[in-house]
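**Q** Build the full structure now, drawing on both the sequences and the hints.
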Amino acid sequence: MKNKIKFHTNIDQTCSAWHKLRLGKFTASKISNICGPRGLGKTGETYIITKVAEVLTGKEEYVFESDAMQHGNYYEPIVRDLYNKIAGIHYNKVGFVENKDYKNCGVSPDGVNYENGSGLEIKCPFTAKEHLKHLTIKNWQDFKKIKPDYYWQVRMQMLITGFENWKFISYNPDFVEKKDLRLYAVEIPWNDTECDFLADRINQANEIYESLLNSLVL
1 MKNKIKFHTN IDQTCSAWHK LRLGKFTASK ISNICGPRGL GKTGETYIIT
51 KVAEVLTGKE EYVFESDAMQ HGNYYEPIVR DLYNKIAGIH YNKVGFVENK
101 DYKNCGVSPD GVNYENGSGL EIKCPFTAKE HLKHLTIKNW QDFKKIKPDY
151 YWQVRMQMLI TGFENWKFIS YNPDFVEKKD LRLYAVEIPW NDTECDFLAD
201 RINQANEIYE SLLNSLVL
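Using the numbering used here, read the sequence shown as starting at 1 and increasing by one per residue.
Because the hints were derived from the structure by calculation, they are not lab data. All clues stand as given, with none of them false.
With a straight-line cut-off of 30 Å between C-alpha atoms, the simulated DSS-like cross-links for lysine-lysine are:
| hint | residue 1 | residue 2 |
| --- | --- | --- |
| 1 | Lys103 | Lys147 |
| 2 | Lys179 | Lys147 |
| 3 | Lys144 | Lys178 |
| 4 | Lys144 | Lys6 |
| 5 | Lys145 | Lys30 |
Ranges between beta-carbon positions, derived for each pair:
| hint | residue 1 | residue 2 | range |
| --- | --- | --- | --- |
| 6 | Asp81 | Val217 | 42 to 50 Å |
| 7 | Ala199 | Leu132 | 27 to 35 Å |
| 8 | Lys4 | Ile49 | 23 to 31 Å |
| 9 | Asp12 | Lys178 | 29 to 37 Å |
Ideal Cβ positions, reconstructed from N, Cα and C, are used throughout, including at glycine.
**A** Quick look at the structure:
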């Protein structure tokens, strides 16, 4: 497994090298676009076209950084360190991860532990009400129903890293009187059926990706 999986540990997420690695690749944060119940659909096709366009132009699609995104970027390392202390396990930073079994794909976990094969996906909702939604997630089935975009983000990170356990963490600092509700973690175990479904969708997307790219380049 180690020979086919590349952990880019020497780069920071959001740096120029990180953006270069992501260029033209299907990434976990948007992979739900190809996971609709009725196939790839228009949303999936648009996502594929966007990735091909990145390859042809050498430029990533522009993403506006909202206040909510800045909020999350600020708290993410704080929450990772906090969870490390709570769990008694050290989750390392990693820039980007690629797997030779899944072409044109890559993920950026919020933390990984190589010893026990697990990772973190940290969300720091801008509003308390969004955090409260996360508190109702008790298992992977709840996760898929309540936050399907985050759910498939986690599944893709598991698929690419090969790690069989992931923690979805939600954190909101506004719970001053209820500090025990500030940080919430739910374990997402590996599931063959779900991961096989995602792998199949990635293969379908890659067929269209390669066909479109070849028709425009040749």
